[in-house]
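When you get a sec, could you build the whole thing from the sequences and use the hints?
Note that the protein sequences, when read in sequence, are chains A and B. The first sequence finishes on residue 221 if you use this note's numbering, and the numbering steps up by one all the way, no holes. The second sequence finishes on residue 221 if you use this note's numbering, and the numbering steps up by one all the way, no holes.
Some clues are possibly wrong.
No copy labels: a pair is met if it fits in one copy or bridges any two.
Straight-line Cα separation of at most 25 angstroms, DSS-like style, residue types lysine-lysine; simulated pairs [stated by the list, open to error]:
#1 Lys124 - Lys174
#2 Lys174 - Lys149
#3 Lys174 - Lys130
#4 Lys149 - Lys124
#5 Lys130 - Lys149
Derived from the structure by calculation, the hints contain no laboratory data.
There are 2 protein chains.
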Amino acid sequence: MTELPTIPNTRVRRLPERGSYDRELAYPLLDAAQIAHVGFVVDAQPYVIPMLFVRIDDCIFLHGSVGSRMLQHLATGAPCCVTVTHLDGLVLARSHFNHSANYRSVVVFGHSTLISDLQQKERILLKLVDALVPGRSLDGRAANRKELAATALLEVQIEHLSVKTRSGGPKDLDDDMNLPVWAGVVPLQSAAGAPIAASDLNPDIRLPSYLQSGVYAA
Amino acid sequence: MTELPTIPNTRVRRLPERGSYDRELAYPLLDAAQIAHVGFVVDAQPYVIPMLFVRIDDCIFLHGSVGSRMLQHLATGAPCCVTVTHLDGLVLARSHFNHSANYRSVVVFGHSTLISDLQQKERILLKLVDALVPGRSLDGRAANRKELAATALLEVQIEHLSVKTRSGGPKDLDDDMNLPVWAGVVPLQSAAGAPIAASDLNPDIRLPSYLQSGVYAA
Chain A
4 MTELPTIPNT RVRRLPERGS YDRELAYPLL DAAQIAHVGF VVDAQPYVIP
54 MLFVRIDDCI FLHGSVGSRM LQHLATGAPC CVTVTHLDGL VLARSHFNHS
104 ANYRSVVVFG HSTLISDLQQ KERILLKLVD ALVPGRSLDG RAANRKELAA
154 TALLEVQIEH LSVKTRSGGP KDLDDDMNLP VWAGVVPLQS AAGAPIAASD
204 LNPDIRLPSY LQSGVYAA
Chain B
4 MTELPTIPNT RVRRLPERGS YDRELAYPLL DAAQIAHVGF VVDAQPYVIP
54 MLFVRIDDCI FLHGSVGSRM LQHLATGAPC CVTVTHLDGL VLARSHFNHS
104 ANYRSVVVFG HSTLISDLQQ KERILLKLVD ALVPGRSLDG RAANRKELAA
154 TALLEVQIEH LSVKTRSGGP KDLDDDMNLP VWAGVVPLQS AAGAPIAASD
204 LNPDIRLPSY LQSGVYAA
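Following this line, the structure appears as structure tokens:
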């Protein structure tokens, strides 16, 4: 299991050198993101909604209120598209035409179904908490029966996906290389700041270790 | 012109305190973003693709290769959804159930049409360059006739939109306030690094002033 079959609707036709269909490439990109943009269709109208998510094996899990119309729609097995994008830089070429962006994106296609098994729900909701901050699920109060019942949990099987990336500097035409214009890349990244304790937090409670290292370090 | 009419499919039903329909609120959020996630439908399948964009007045402009199947589809006046999300923080509550994210998002609904007038195309492509880096359009070589012909430019009228935001700390149940659990927010932001000159840049060309200040400063 590495490369997915390419089907017409996920083949990257433009600029094929940027395309890939490799789950091994895609999954780390999915796992490094905190939100996905989830697309679905109601009455021929497309919707794109940002959502927290977690990937486990070959599935993406979404959740929300059982009262959400969106989740009610997705619970019917609707086709959906889950897209994750890391924007890595702005590419400034000598010509306007060759301006671009550096990015890594994954577009996932699948159908969503509702998870109703309580134990499975509990297990996956813990993973959703860890997707927000690794290690957090061992801290805090897990969902009780009432909260579990109020939460709709959706599973999207990753049926097809495509990875598209661009990296590196600008690519200009030979004729443009002598233009007196600055060319290069402005790097971009998502950065975490020092954690801010809730104003009503008991001052005896110290910052947990899982917030003291890595991307969360002050 | 401030608040849009709310129509059923853009009304934010869940958590109405997070909803708004105000263009004055939405447009700065659109303008502060470099990419949007664009949703459209082909044969009942939703697609969500990250794209550069620029907003001018009540329109969003997208562009790409005239050979792109996606742009060819959008050029037919297809309904589309353009979503911009700023992820501002991870909200860690004492209960898993109340974990959340701070964010500001705009969901735009409209139909896309092709712009074929050459002068209008030239003018809007300059704005697209400035949307990437303000001030950049005055630098570099503008698109020539061949490049203009190779570029498909799409206009999406902002027919309806909804703004949804969350800010501030965690909201826990009274019963959970005494749990010995750290609660608060991990702030997140998109950060620009120091510009990196192209490896083949003439060393006599200095970093332009529009890259020396604000978010681009080293």
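Going down the list of hints, with the structure as the test:
In this homomeric assembly, Lys124 and Lys174 come within 25 angstroms of each other (Cα to Cα) only across copies, at 23 angstroms, whereas the closest approach inside a single copy is 48 angstroms. For the homomeric pair Lys174 and Lys149, the shortest alpha-carbon distance between copies (17 angstroms) is at most 25 angstroms, but the shortest distance inside one copy (56 angstroms) is not. Proximity of Lys174 to Lys130 under the C-alpha cut-off of 25 angstroms is restricted to the inter-copy arrangement: shortest distance 21 angstroms between copies versus 41 angstroms within a copy. In this assembly of identical chains, the alpha carbons of Lys149 and Lys124 lie at most 25 angstroms apart only when taken from the same copy (13 angstroms versus 56 angstroms across copies).
Proximity of Lys130 to Lys149 under the C-alpha cut-off of 25 angstroms is restricted to the intra-copy arrangement: shortest distance 19 angstroms within a copy versus 51 angstroms between copies.
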